[in-house]
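**Student:** Now for the letters of each chain:
Number of protein chains: 2
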Amino acid sequence: MKIAIAQLNPIIGNLTNNAQKIYEMAILAANQNVRLLLTPELSLCGYPPRDLLLNPSFIQSVSIELEKLAQILPPNLAVLVGTVEINQNAKIKGEKLLYNSIALLENKQVKQIFHKRLLPTYDVFDEGRYFEPGRQSNYFTLSSNFNDSNPLKIGVTICEDLWNDEEFWGEKYYEDNPIQDLVNIGVDWVVNLSASPYCVGKQKLREAMLKHSSQRYQIPIIYANQIGGNDDLIFDGSSFAVNRQGEIVLRSKAFQEDFTVIEFDEISKNLQPKIINLLSETEEEELWSALVLGLKDYTKKCGFSKVVLGLSGGIDSSLVAAIATEALGKDNVLGLLMPSLFSSEHSIKDAEALVKNLGIKSYLLPIGEIMNSYDKLLESIFLGSEFGVAEENMQSRIRGNLLMAMSNKFGHLLLSTGNKSEMAVGYCTLYGDMNGGLAVISDVPKTRVFALCKWLNRQGDVIPHNVLIKPPSAELRPNQVDQDSLPPYEILDEILERLIHHHQSVTEISQAGFDLETINKVLKLVIRAEFKRKQAPPGLKVTDRAFGTGWRMPIASRWKID
Amino acid sequence: MKIAIAQLNPIIGNLTNNAQKIYEMAILAANQNVRLLLTPELSLCGYPPRDLLLNPSFIQSVSIELEKLAQILPPNLAVLVGTVEINQNAKIKGEKLLYNSIALLENKQVKQIFHKRLLPTYDVFDEGRYFEPGRQSNYFTLSSNFNDSNPLKIGVTICEDLWNDEEFWGEKYYEDNPIQDLVNIGVDWVVNLSASPYCVGKQKLREAMLKHSSQRYQIPIIYANQIGGNDDLIFDGSSFAVNRQGEIVLRSKAFQEDFTVIEFDEISKNLQPKIINLLSETEEEELWSALVLGLKDYTKKCGFSKVVLGLSGGIDSSLVAAIATEALGKDNVLGLLMPSLFSSEHSIKDAEALVKNLGIKSYLLPIGEIMNSYDKLLESIFLGSEFGVAEENMQSRIRGNLLMAMSNKFGHLLLSTGNKSEMAVGYCTLYGDMNGGLAVISDVPKTRVFALCKWLNRQGDVIPHNVLIKPPSAELRPNQVDQDSLPPYEILDEILERLIHHHQSVTEISQAGFDLETINKVLKLVIRAEFKRKQAPPGLKVTDRAFGTGWRMPIASRWKID
Numbered sequence: 001m002k003i004a005i006a007q008l009n010p011i012i013g014n015l016t017n018n019a020q021k022i023y024e025m026a027i028l029a030a031n032q033n034v035r036l037l038l039t040p041e042l043s044l045c046g047y048p049p050r051d052l053l054l055n056p057s058f059i060q061s062v063s064i065e066l067e068k069l070a071q072i073l074p075p076n077l078a079v080l081v082g083t084v085e086i087n088q089n090a091k092i093k094g095e096k097l098l099y100n101s102i103a104l105l106e107n108k109q110v111k112q113i114f115h116k117r118l119l120p121t122y123d124v125f126d127e128g129r130y131f132e133p134g135r136q137s138n139y140f141t142l143s144s145n146f147n148d149s150n151p152l153k154i155g156v157t158i159c160e161d162l163w164n165d166e167e168f169w170g171e172k173y174y175e176d177n178p179i180q181d182l183v184n185i186g187v188d189w190v191v192n193l194s195a196s197p198y199c200v201g202k203q204k205l206r207e208a209m210l211k212h213s214s215q216r217y218q219i220p221i222i223y224a225n226q227i228g229g230n231d232d233l234i235f236d237g238s239s240f241a242v243n244r245q246g247e248i249v250l251r252s253k254a255f256q257e258d259f260t261v262i263e264f265d266e267i268s269k270n271l272q273p274k275i276i277n278l279l280s281e282t283e284e285e286e287l288w289s290a291l292v293l294g295l296k297d298y299t300k301k302c303g304f305s306k307v308v309l310g311l312s313g314g315i316d317s318s319l320v321a322a323i324a325t326e327a328l329g330k331d332n333v334l335g336l337l338m339p340s341l342f343s344s345e346h347s348i349k350d351a352e353a354l355v356k357n358l359g360i361k362s363y364l365l366p367i368g369e370i371m372n373s374y375d376k377l378l379e380s381i382f383l384g385s386e387f388g389v390a391e392e393n394m395q396s397r398i399r400g401n402l403l404m405a406m407s408n409k410f411g412h413l414l415l416s417t418g419n420k421s422e423m424a425v426g427y428c429t430l431y432g433d434m435n436g437g438l439a440v441i442s443d444v445p446k447t448r449v450f451a452l453c454k455w456l457n458r459q460g461d462v463i464p465h466n467v468l469i470k471p472p473s474a475e476l477r478p479n480q481v482d483q484d485s486l487p488p489y490e491i492l493d494e495i496l497e498r499l500i501h502h503h504q505s506v507t508e509i510s511q512a513g514f515d516l517e518t519i520n521k522v523l524k525l526v527i528r529a530e531f532k533r534k535q536a537p538p539g540l541k542v543t544d545r546a547f548g549t550g551w552r553m554p555i556a557s558r559w560k561i562d
Numbered sequence: 001m002k003i004a005i006a007q008l009n010p011i012i013g014n015l016t017n018n019a020q021k022i023y024e025m026a027i028l029a030a031n032q033n034v035r036l037l038l039t040p041e042l043s044l045c046g047y048p049p050r051d052l053l054l055n056p057s058f059i060q061s062v063s064i065e066l067e068k069l070a071q072i073l074p075p076n077l078a079v080l081v082g083t084v085e086i087n088q089n090a091k092i093k094g095e096k097l098l099y100n101s102i103a104l105l106e107n108k109q110v111k112q113i114f115h116k117r118l119l120p121t122y123d124v125f126d127e128g129r130y131f132e133p134g135r136q137s138n139y140f141t142l143s144s145n146f147n148d149s150n151p152l153k154i155g156v157t158i159c160e161d162l163w164n165d166e167e168f169w170g171e172k173y174y175e176d177n178p179i180q181d182l183v184n185i186g187v188d189w190v191v192n193l194s195a196s197p198y199c200v201g202k203q204k205l206r207e208a209m210l211k212h213s214s215q216r217y218q219i220p221i222i223y224a225n226q227i228g229g230n231d232d233l234i235f236d237g238s239s240f241a242v243n244r245q246g247e248i249v250l251r252s253k254a255f256q257e258d259f260t261v262i263e264f265d266e267i268s269k270n271l272q273p274k275i276i277n278l279l280s281e282t283e284e285e286e287l288w289s290a291l292v293l294g295l296k297d298y299t300k301k302c303g304f305s306k307v308v309l310g311l312s313g314g315i316d317s318s319l320v321a322a323i324a325t326e327a328l329g330k331d332n333v334l335g336l337l338m339p340s341l342f343s344s345e346h347s348i349k350d351a352e353a354l355v356k357n358l359g360i361k362s363y364l365l366p367i368g369e370i371m372n373s374y375d376k377l378l379e380s381i382f383l384g385s386e387f388g389v390a391e392e393n394m395q396s397r398i399r400g401n402l403l404m405a406m407s408n409k410f411g412h413l414l415l416s417t418g419n420k421s422e423m424a425v426g427y428c429t430l431y432g433d434m435n436g437g438l439a440v441i442s443d444v445p446k447t448r449v450f451a452l453c454k455w456l457n458r459q460g461d462v463i464p465h466n467v468l469i470k471p472p473s474a475e476l477r478p479n480q481v482d483q484d485s486l487p488p489y490e491i492l493d494e495i496l497e498r499l500i501h502h503h504q505s506v507t508e509i510s511q512a513g514f515d516l517e518t519i520n521k522v523l524k525l526v527i528r529a530e531f532k533r534k535q536a537p538p539g540l541k542v543t544d545r546a547f548g549t550g551w552r553m554p555i556a557s558r559w560k561i562d
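Quick mapping for you: the protein sequence lines, in order, are chains A and B.
If you're matching positions, the first sequence starts at 1 in the UniProt record's numbering and goes up one per residue.
If you're matching positions, the second sequence starts at 1 in the UniProt record's numbering and goes up one per residue.
Please note that a few of the clues may not be correct.
The list treats identical chains as one, so a pair stands whether inside a single copy or across any two.
Straight-line alpha carbon distances no greater than 27 Å define the calculated DSSO-like cross-link-like pairs of lysine-lysine that follow [claimed, not checked]: (1) Lys306 - Lys560; (2) Lys96 - Lys202; (3) Lys409 - Lys91; (4) Lys454 - Lys211; (5) Lys306 - Lys524; (6) Lys296 - Lys524.
No lab work stands behind these hints: they were computed from the structure.
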């Protein structure tokens with residue numbers, strides 16, 4: 001029996017577009033004698049639809065679109081489509097109004113509906129907000145020969161349903177274990193329809209986990225993932241299959257739409273090896289692809305084709321310009337060079353070298369005279385005060401205003417270029433360099449920004465050499481460098497990793513060999529910068545804990561401040 | 001038996017401060033021969049602690065603080081303290097790591113722990129993210145005479161636990177009904193320890209609901225609520241008690257800390273009438289108090305004492321200035337008047353009249369020359385294009401920059417002054433008038449802004465009369481008024497109410513008599529403005545559906561756009 005994976009890139013809420021894509025994949029599948037087509041979790045509305053799910057008319061539209069899709073799919077092809085179902089008993093039983101479901105479409109009908117059983121409510125996931133967990137094992141039967149003899153029993157799981165193998169994790173995250181239930185029922189194989197967001201190294205984790213489960217339960221698993229960027233989340237695809245020995249027998253492409261076919265041999269009851277695309281060679285390569293996809297999809301799905309960004313000659317804006325150029329093409333990227341009195345000569349030169357290397361457009365807009373006009377207006381009020389944060393930020397906000405003026409005038413999406421280390425400690429200006437529709441590298445720590453640029457330069461300079469070797473500086477006052485205010489980035493980033501990702505206490509970090517005063521300083525900076533992060537643009541999530549949807553901190557709080 | 005309610009205003013995460021407050025209330029209670037002291041939900045860490053709960057060292061600190069508090073409380077007083085408990089079986093059973101709990105402290109011990117059973121996961125609530133629901137009925141026994149004879153049985157519920165009376169709501173929201181279980185056990189009365197956020201009319205709803213439950217189950221209920229502003233959420237207090245006939249027998253003050261005592265008569269098995277503070281006379285009075293508290297607490301809990309805001313002479317900034325003056329005192333409010341070429345003469349006059357009425361400080365900072373410097377710099381690039389959104393927004397962002405310069409220089413918190421109607425349709429400038437640490441009236445629709453100002457002027461003009469009668473205008477181009485771009489506010493606000501609060505479809509709204517084209521225009525504006533709202537400051541929530549924590553919409557989505 002041939003099974004195909006439609007690794008789709010949906011647009012959230014654009015039901016017609018998404019249904020059309022499923023239809024096209026179904027035609028492709030039918031032409032190759034595929035019996036069963038898999039599409040990702042919530043493939044009809046895209047994942048995550050978030051509060052669109054609170055609109056009854058949205059739910060109704062999904063339902064109508066599903067029926068319409070069932071009508072036009074080719075005969076003799078069963079298709080699993082991700083959809084939202086109303087929980088008819090919600091108000092009587094006191095349950096949530098919806099299910100996160102998979103519909104089995106065949107012969108112009110919605111033949112069966114399966115409900116997701118394990119609903120994630122950590123990090124960026126809010127599924128408990130909308131959905132009631134399914135309580136039954138999900139499977140269906142299908143014959144390869146179309147006459148219903150010797151039907152195969154196929155288990156259906158939805159994303160999180162397979163993320164509870166307590167042998168693999170060493171602990172249980174949910175009470176139920178859907179794959180165990182399906183094995184008890186005696187299914188021939190299990191499909192998993194996912195919308196699993198990317199973070200560095202996630203695919204290795206997924207494969208290790210499902211290899212473990214397939215070996216443990218002696219059962220083949222076909223894993224179909226969504227691809228594409230949806231706001232802060234990047235879905236990397238990399239759908240794959242493991243046979244009952246736990247070997248990878250198929251791997252779809254990463255970071256792009258794909259259509260792959262695999263065959264289940266009914267004699268050996270196992271999956272046959274098929275095309276196995278390689279994983280990225282390095283984490284940098286993987287991260288680069290993720291950021292390019294995230295930027296591209298956010299831009300296009302928001303209806304833009306061009307972007308604008310400020311080029312300071314520093315490494316962050318240089319990297320973002322390179323990502324944008326790869327994502328959208330050099331003709332669609334505009335850089336603004338906005339030097340001030342405090343900009344060093346090399347800043348302009350480095351930015352100009354970058355512009356040349358990338359072949360993008362740029363304008364030079366010195367901000368000196370605008371600065372003077374602000375200074376003049378505020379002169380009498382600021383009289384007697386020293387040059388400080390107010391004056392520094394004013395420059396950044398003048399640049400932010402100019403960037404937005406270009407965005408508003410010519411319809412370019414503004415990209416902000418701050419990295420995760422800056423965002424963590426608040427070394428950035430709200431309404432200034434934080435301005436933008438998308439924060440491209442706000443989940444990439446500074447040390448990783450350097451690593452990415454070095455990787456990018458592996459076959460010759462894309463990022464000008466001087467950008468990589470000069471000390472980072474905001475250039476908002478004379479001879480300023482980042483390390484005037486912050487610990488060295490190697491130290492800062494490791495402390496941040498321990499604080500943010502590992503929830504370590506000051507004591508634990510100190511015991512790992514870091515200076516207590518430095519740790520406390522960093523912690524206070526992180527807490528105090530919460531108000532800035534609250535107003536930051538969506539940032540592409542590439543780690544297991546990004547600022548953004550999955551980071552929910554109070555602002556007016558005092559823990560560890562006093 | 002005397003029972004006291006400590007209606008406390010905690011600072012999120014400031015465990016020492018919060019424990020101290022509980023201690024002080026306990027001393028007060030002991031001095032009045034109170035036997036049982038009630039404090040709000042999570043009174044030790046403040047509600048909502050959000051992702052602070054993900055830090056193991058935070059949880060440990062809470063636990064240590066609870067033990068310390070138990071040690072110092074007066075003898076012969078039982079105290080119910082809101083706290084967080086570790087779920088010891090989480091990893092074995094596949095459950096969440098924590099419980100939202102109430103600890104019964106008595107005789108230097110933590111005598112009993114009760115877990116919240118119904119965990120809200122709608123609107124602003126994320127309790128499923130952190131907590132496992134309790135599965136047992138929560139009650140304890142207590143004797144009034146200290147020798148354990150004739151003990152009373154007291155049922156303990158935590159906030160949402162009492163919000164599932166299916167008779168009152170006409171439907172069930174949760175499977176369990178904790179009060180029913182407690183009645184079956186035969187408790188003498190029920191306490192409810194809450195942190196229930198304010199919205200207009202919420203107290204009436206709470207009282208109606210608990211009156212219904214007390215009558216239905218023939219049981220007295222004592223309801224203790226948190227007060228104070230925590231980021232976007234305002235807790236109004238208004239703790240109250242209903243006797244077994246469903247009559248209000250006690251009501252604490254609204255919008256301020258309070259300590260009230262009530263007596264349970266052991267013969268009649270009922271609560272004795274006590275002080276009953278009046279509810280606000282009008283919704284405007286209530287809303288005013290809420291906004292004043294929200295502004296005051298956000299400012300103070302963030303460590304500020306002074307605020308700055310832009311005064312355009314319009315009604316929104318006038319109202320916010322009045323709220324700030326009430327909250328912080330006239331000496332702590334600074335207004336900036338920043339007229340441009342397009343500002344009408346009356347704008348300055350109206351703003352100056354407001355400054356005079358309120359007695360606050362102000363500066364006049366005309367932005368014409370700064371505008372000229374931007375125009376000059378961009379002249380060659382913008383050559384041939386028409387005056388448009390870019391030029392309009394630039395003015396707003398110049399003002400935003402000046403406001404932040406004042407904030408950074410003098411340590412004033414910047415308040416943004418946009419109303420909910422503007423925020424809904426995006427009639428506001430990101431990085432311009434949206435700038436601020438707090439959006440004071442971003443959940444107040446324009447029509448309600450007018451109503452509030454009229455109420456405020458009931459005993460003479462606070463808001464200058466001309467501000468109330470002139471047509472609203474952004475004054476970013478010659479002779480501009482809001483109604484050039486938007487439907488009349490009476491119509492706009494009703495369409496928005498139906499879209500945002502009632503999740504009505506275009507068809508439904510149209511059937512209610514609104515023009516189809518207008519509805520579609522409004523809907524598109526709302527969807528397109530999502531990117532602005534994503535970067536807005538926290539806004540004080542005063543309705544059942546505010547933009548902010550409880551509004552989780554995708555940006556790069558296409559539902560109803562194409």
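**Student:** Determine for every hint whether it applies to the structure shown.
**Tutor:** Structure-based check of each hint:
no., hint, in the structure
1, Lys306 - Lys560, "between (43 Å within a copy, 24 Å between copies)"
2, Lys96 - Lys202, "between (30 Å within a copy, 23 Å between copies)"
3, Lys409 - Lys91, "neither (50 Å within a copy, 55 Å between copies)"
4, Lys454 - Lys211, "neither (34 Å within a copy, 68 Å between copies)"
5, Lys306 - Lys524, "between (38 Å within a copy, 22 Å between copies)"
6, Lys296 - Lys524, "between (35 Å within a copy, 23 Å between copies)"
In summary, the structure is inconsistent with hints 3 and 4 from the numbered list given earlier, while agreeing with the others.
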